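K.L.:
Residue strings, one per chain:
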Amino acid sequence: MKAKFSAVIVAAIFSVVLAGSAIAEDINAYMGTSPDNNAKIAKFIKDKTGITVNQTFQSFGEIEARMKAEAPNFNADMVIGCGSSTGFLAKKSGWAVPYVSPAWKGVPDVFLDPQGNWYNIANFSFVLVANKDRLAKSGYKMPESWKELADPKWKGEILMPSPLSSGTANMMRFSFLALYGDAEGWKFIEALDKNIAYYTRSGNAPTDLVGRGEFTLGITSDENVKKRLDDGYPLLWSIPKEGTGYDGTFAMILKGTKKLDACKKIIDLLGTPEFSELMAAIGYVTPRPAPNALYGKTLPKYIKLDLDKASDDKAKNNDIWKQKLRTDFK
Amino acid sequence: MATAELSLKLQASSGSRIKDFLNANLINILAAILFLLLAFFLLYPIIAVLLKSFRGPDGFTLKYYQAFFSKNYYFQSLYNTLLLGVINTVVCLVIGFCLAYMTTRGPWILRKPLKIIALVPLIAPPYLFALSLIILFGRNGLVTRMFDLHWQLYGFGGVVISQTLAFIPLAYMMIESTLMSLNPNLEESAYDMGASEATILRTITIPLLAPGLLKAALLIFVMTIAEFGNAAILGGRTPFLAPDTYTMITGESDFNMGSVLSVVLIAPCILIFFIHNYLLEGKKFTTIGGKPVASEPRKITPLIKVPFVIITTVAAGAIFICFAVVFVASFYKILGVTNKFILTNYLDFTSNQAIYNSIRVSFVAAVIGAIIGVLLAYVIVRGKFFGRTFIEMVSLSGFALPGTVLGIGYLLAFSAPPLKLTGGIMILALNCVFRFLAVGVEAGISKLHQIHIEIEEASADLGASFLTTFSRIVLPIMFPAFIAGFIYTFMTAIVSLSAVVFLVSPGFELAAVKIFDAAVYGEIGIASATTMKLVLIVMICMMILNYISNKTRLGSGIAKKPA
Amino acid sequence: MKKKGVAGYMDSKENEKPMLILKDIHKFYGANEVLKGVSLEVKKGELVTFVGPSGCGKTTLLRLIGGFTDISSGDIILDGQRINDLPPNLRDTRICFQNYALFPHMNVAENVGYGLKINKWPRDKTAARVRELLEMVELEAFGDRMIDKLSGGQQQRVAFARALSLEPKVLLLDEPLSNLDANLRLVMREEIRKLQERLHITTVFVTHDQFEAMAISDRLVVMKDGRIEQVGSPIEIYEKPANEFIAGFVGYVNFMDGRIASIEEKTRDAVIDTEYGQIGITLQQNDINPGDDVLMVIRPESVNISLNCGGGRQNVLCGSLKTYMYAGSIAKCTVTIGDRTMIIDQYNPRDAQHFKHAEKVEVEIPRSVHLLKKK
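Residue numbers (my numbering), protein chains in the order written: chain A, 262 to 591; chain B, 309 to 871; chain C, 906 to 1280.
Simulated from the structure, these hints should not be mistaken for lab results. Certain hints may be false.
[What the hints assert, rightly or not] With a straight-line Cα cutoff of 25 angstroms, these simulated SDA-like cross-link-like pairs (lysine to any residue) come out:
{"id": "1", "chain 1": "B", "residue 1": "K641", "chain 2": "B", "residue 2": "I629"}
{"id": "2", "chain 1": "B", "residue 1": "K371", "chain 2": "A", "residue 2": "D574"}
{"id": "3", "chain 1": "A", "residue 1": "K329", "chain 2": "B", "residue 2": "T369"}
{"id": "4", "chain 1": "C", "residue 1": "K1279", "chain 2": "C", "residue 2": "G1137"}
{"id": "5", "chain 1": "A", "residue 1": "K577", "chain 2": "B", "residue 2": "N380"}
{"id": "6", "chain 1": "C", "residue 1": "K1265", "chain 2": "C", "residue 2": "I1248"}
[Claimed, not checked] Here are some chain B residues the structure puts well away from chain C; computed CB gaps all over 10 angstroms:
{"id": "7", "residue": "R447"}
{"id": "8", "residue": "I512"}
{"id": "9", "residue": "L521"}
{"id": "10", "residue": "I629"}
{"id": "11", "residue": "I856"}
Every value quoted in this text rests on a predicted model; they were computed, and no experiment measured them. A virtual CB, placed ideally from N, CA and C, is assigned to each residue, including glycine.
Same shape as in the complex, but just chain A (with noise of 0.2 angstroms):
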C-alpha cells in the first residue's frame, strides 16, 4: 500500500513537471508591447509560420532587467519588442544574433542596424489623453501645450508611466529633456510632478486607466489607443503643439538561441509589408509604408532625439528622478 502510494506520488510529480513541455515548433519570446498587441503579434506569427510564441507582457524596463539579469544564458530565444535603449545595449554587449534578413530590404536606415543585430519593428511616440466625460465635468478644454500640463488646476488628475520602469516613461522623459534643455527640462518635470496622481508600471496604462474614467488626463504611449478607441472607451487625444518623442520597438535574436531557424524566419516575417500592415492598423508608424489607423496621412511632429545619448542618460537621469520628485508618506 506504501509502496503503491509513493509510486503514485512520484507519476505525478513527473507528469505535472513534464506536462509543461509542448511538442510543436514553438519559441520563447520577452515581448513588451502590451498585452493584447503582444497576443495579436504571436497570432499573427502562428498563422502565417506555423511557429507558437509564448510570452507574457512585461514592460520595457522589466524586459531590459531581465536580459541584464541572464545574460549571457538568456531564458528566452527572442525579443519582439522592447526598448531601443535595449537594442543598442544588447549590441553593445554582444547578446544578439546577427543575422541580416533579406526580407528587410529596402526600409529606411533608422528602422535597422546596419550588422542585423537589432530591427526597430514599430515606431511609437506618446500623446496626451482624456477622458470625454471627466473633462466635460472639469469644464476645462484639452490642453494644447504640454506646458499647460503643470497648471495647479490638474492637480491629482494626471496619470504618466514610472521611467524606472516603462520604456514609453523614459522617452517621455528624455524627449522633455530634449525639447527644453537638461536646466528647463527638470524644471518642468517637477511642475508637473506636483499633478501626477501616480506612476504606473507600464506605458499602456493610463490609456487604460483614463479611458475607464478614474482619472481625466493621461501621457500615455500611442500603442493602445486606437485600440481602447475602437472599444469604446471614452477617450480624447491629441499631440500638442511642441510635438512629442518616438521610440523604437526593437525586435532581436539573443545569443544562445536552440531554434535559430525559426528565429530567422519571424525576422523574415516582421519585415513583410504584411507586417507592417498589422502594426500600422493598430497605430505604430512602421518600417514599411501602411497606412496608420491612429494618425491617418499626418503623422505627428516629431521633436529631435538622440536615441543612443537617451539611453546612455538613463542611469543617471533615474538618479535625478528619484532625488528630485516629492515622495509623501502617510
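Take the given structure of chain A and dock chains B and C to it, following the hints.
P.N.:
Then chains B and C, alone, in the frame of chain A:
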C-alpha cells in the same frame, strides 16, 4: 536451559548494539544530505544577495549602502516600511486580542461565528484586501461614487488598512492559543477575590499573556514589512521597501541596489527571528497540564464589553464586506462602471491557464516540501549530532525571510549554468518548498515528540532494521504531519506573490501574478474572479486538512512519558 | 475543644442558623441536566464534603456556589441572603482550585495579599494580614518566593492562605489534595482539617477519594448523577448506607441476598434466610419487617476467617480460599462460597503461613449487619 536462553539473549543484544551504531550513522548521513539541501536552496541565495550588495563592478564596495543611507528617497522607503510595521502590529494586536477574548470568554453564541470570521482572511491571498479596497474606495469605487469621497486610497492609508485586515487572523490565532492555555482558574480566582473584569485584565490576564503577545507582535511586524502585494498595489506614490525592491530589480535592473534594499529588509526579520527563538523560549507563564479547555462565559462589565464588542464588530464587518465585495465584483467587468452581470470573468482563458500553472507548481512544491519537512523533523528530533539546533533554525528561517529577498536570491543564484534553474517550473517550486518548510517541520517535530522513542526501540528489539522501523512505525505515525506540511505548503504556495513575481518566465503565468497585473491595470473583474477561484481552492485544502487532523487526533498522543 | 480564633473568627454562638442553604438546585447544560434538584443545609463551621464518582456533579455544584456557573433553577442562600444573581466577586465565598491557580507572575506574599490589595486595604494592614496568614499556614519565611519555586504542598498552603485572606463566610475547596502524592496528601489533609476547625470556618470540600472524605468531614454528601444519594456523618454513611451504590462507594463491601424469616420483638434478634443457610443478626433498623427481601451489607473487615471448615454453627459458612494477599498488618482474602466470592480483610493476620496454603476455610458473618430493603 535457562543459561542457554540467557546466552542467546546476550548475543542478540550485542547484535542490536551494532544495529544502533548503524542507525545513528544513517541518521547522520540523512542529516548531512538535508543540511546540504538547506544550505544550497536557502542559505546560498541569501548569501548571494548579501554579496551582491557589496560587490560593485570593481569589487568590494560600500557605495551602494552609502547611496541607500544618504539618499532621501530610500530613507523614506525604509521609514514608511517600519512605520507601517509598527502601526500594523499595534492595530492587529488590539483587534486580535479583542476577538480572542470574545471567543474564549464571551457568550457561547458569539464564539463560533467570531472565530470563523477572524480566521477567514487566511484562505484569501493577502492582496484580496487591496482589491476590495479598490472596488470600494478606488477612483471608481462604490463608496467613492456613492458619497462623493475625496479620500485618496492609494498611499499609506490604503496599505495600512489592507495589511491590517490581512494579518488579523495571524494575530488572532497566536493570541487565542495563549489565552486558551491560560488556566481559567487564575482569572476565576482573581474574580473570586473581588476583582472587576477590568482589574482582572490589567493585573492578571495581560501580564500573563505578555510573552505570548510579544511573540505575536514580533511575528506580525516581520510579516507585514515583508509582504509585497498590498504595498505594491495600493502604495501609489508612497514608497515601501518590498515593492521598491521589485521595481529596483525588474524596472531598473539594478541588482546591487536591489540587494541592498533586500539586506535592509532582511535585517529586522533575522533579528526578530533570533529574539523569538532564543529569548522567548521557556517563558512559560501560563501553561497548565493537559489540553486547554474553553472557559465558561463570564459576565463582562460594560466598561470592557462595549469597546470590545465595537472593535470586534467593526473588524468582523470589514472582513466580511471585503470578501463579499470581491465576490460580487467577480461577476462584473468593472463593478460600478459596467453594470452588466457576466460570467466571462470566470471563463477567462489566460487566468484559468495561470491557475492551472499555479496548481502545478504548488503541487510539486507541496510534495517535495512535505517529504523534506518530515525527514528534517525526524533528523532534528532523533539525531544526536552536533548542530541539530542550527539545522532546526535554518529550516524554520525560510518563514521569516521576505519573499522578495528569496526571489531575488534565487535569481542571482540560479540563473547561470551549471545551476541554471531560471525559466522553469522547478525554480518556482523549490522557492516555495524552502520558504514554507517550517510548517511541515514543526508539525513533524510535534508529532515525533508524541511518539516516545521507546516505541522505536521496541521495534528494533523485536528485530526490525532501522529502515523497517522507519517505514512501518515512524512514517505511518508521522503521516498526519506529512499531510499537514503538504497541504499548508500547497495553500501558501498557490497564493504567494512576493517571490514568484521575480521568477516567472514568458508564457508561464501564475495566478498570483495575474491577479496583481490585473489589479494594477484596472481589470477588476478578472482580478476578482481569479481571486475567488484561488479562495475556493484554498478553502477546499483547509477542509481536507481539518478533516485529516480531526481524524488523526483520535490516534495521537501515543505513549507519553509517565509524569 | 478550644477554638482559638484568628481575628474575626470568634467562637460563634449562632451555630443553629445554617450558613449555606441550597434549595432544589437544577442545572442544565443545553439539554443535559447535570444537577437534578439538589437541596442541602450547611451549618456554620461545618466541613461538608461532596463526594461521588466522576460526572456526579459535585464540582459543578461547587462552582455554582462560588458563582462561576449560573443556576438554571433553585436558590442559594448564604447567611440569610439569596445570592443567585451575584457574581463571584460579590459573594462572600472563596474558592481554592485543584491546581491552586496561584498567580505565577507574583510571589507568595503578593498572591496572598491580592484580594486585600484589590479591595483597597491600606498597605500596612495588608502586610500585617499577609504575615498573619503565612504564619497560619507555616510559611512565614516564604513571602518573597516565586510560585514556581515552591513544592506542591507549599503551593497548596499558599492557595489556602489566599482563600482565607478575606475571611469568607464559606470556603470552597475543589479537590485541593488531588495533585499531591500519597504521603503529602495524608499530612495536608490533617493540616487543613486542623486549620478549618481552629478558624471555625464553614467549608465545602469536593473530592473523589471517599476515604479522604470520611477522614476529615463533619458530614458527607454522596452524589450520583446529579442527585444527592445520602447526607450524613462519615459513621452514618459507612455503617448505614442508604443504598447499594453508597455502600459500594464508600468502601469495599459484600452483598448477600436474603429474606427476613423472623424478628424477635424484645431482643431484636432476627433470622435471615439466605442461600447459604440461616444467618442470625441483631436488627438495628426499624423499617424491616418479617418477610422483607433484604440485601445484607457485609464489610470485609467485619468477617472472621479461620482455617478448617468445622460444624455448621450459625453464621458460619464454609468456603474455599481463592486468594490470600499478605501485607503485614492486613491480609486481603477472597473466599468462594457456592458461586459467590466474598472479600475479607483480616487485620493482624494470624496463621499466615497456614493460610497461604489453605484451601478450605470458614467464614463467620457478624451479627451486626446493615440491611438494605429491596424494593
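K.L.:
Please go over all the hints and tell whether each is borne out by the structure.
P.N.:
So, going through the hints one by one against the coordinates:
Taken as a hint, the K641 (chain B) and I629 (chain B) pair is honoured in the structure, with Cα atoms around 19 angstroms apart against an allowance of 25 angstroms. A C-alpha spacing of about 20 angstroms is found between K371 (chain B) and D574 (chain A), which places the hinted pair at or below 25 angstroms, so the restraint holds. For a cut-off of 25 angstroms, the pair hint linking K329 (chain A) to T369 (chain B) stands: about 21 angstroms separates their Cα positions. Distance restraint check for K1279 (chain C) and G1137 (chain C): the Cα-Cα separation of roughly 21 angstroms lies within the 25 angstroms cut-off, and the hinted pair is therefore satisfied.
For the hint pairing K577 (chain A) with N380 (chain B), the CA-to-CA distance comes to about 16 angstroms; that is within 25 angstroms, so the pair holds. Between K1265 (chain C) and I1248 (chain C) the CA atoms are separated by roughly 15 angstroms; this keeps the pair inside 25 angstroms, and the hint holds. Every CB of chain C is more than 10 angstroms from the CB of R447 (chain B) (nearest about 52 angstroms), matching its label as outside the interface. In this structure I512 (chain B) is not separated from chain C by more than 10 angstroms, as the shortest Cβ-Cβ distance comes to only about 6 angstroms.
No beta-carbon of chain C is positioned within 10 angstroms of the beta-carbon of L521 (chain B); the least distance is around 14 angstroms. Separation of I629 (chain B) from chain C is adequate, the least Cβ-Cβ distance of about 33 angstroms exceeding the 10 angstroms criterion. Non-interface call for I856 (chain B) relative to chain C: holds, since the shortest CB-CB distance, roughly 29 angstroms, exceeds 10 angstroms.
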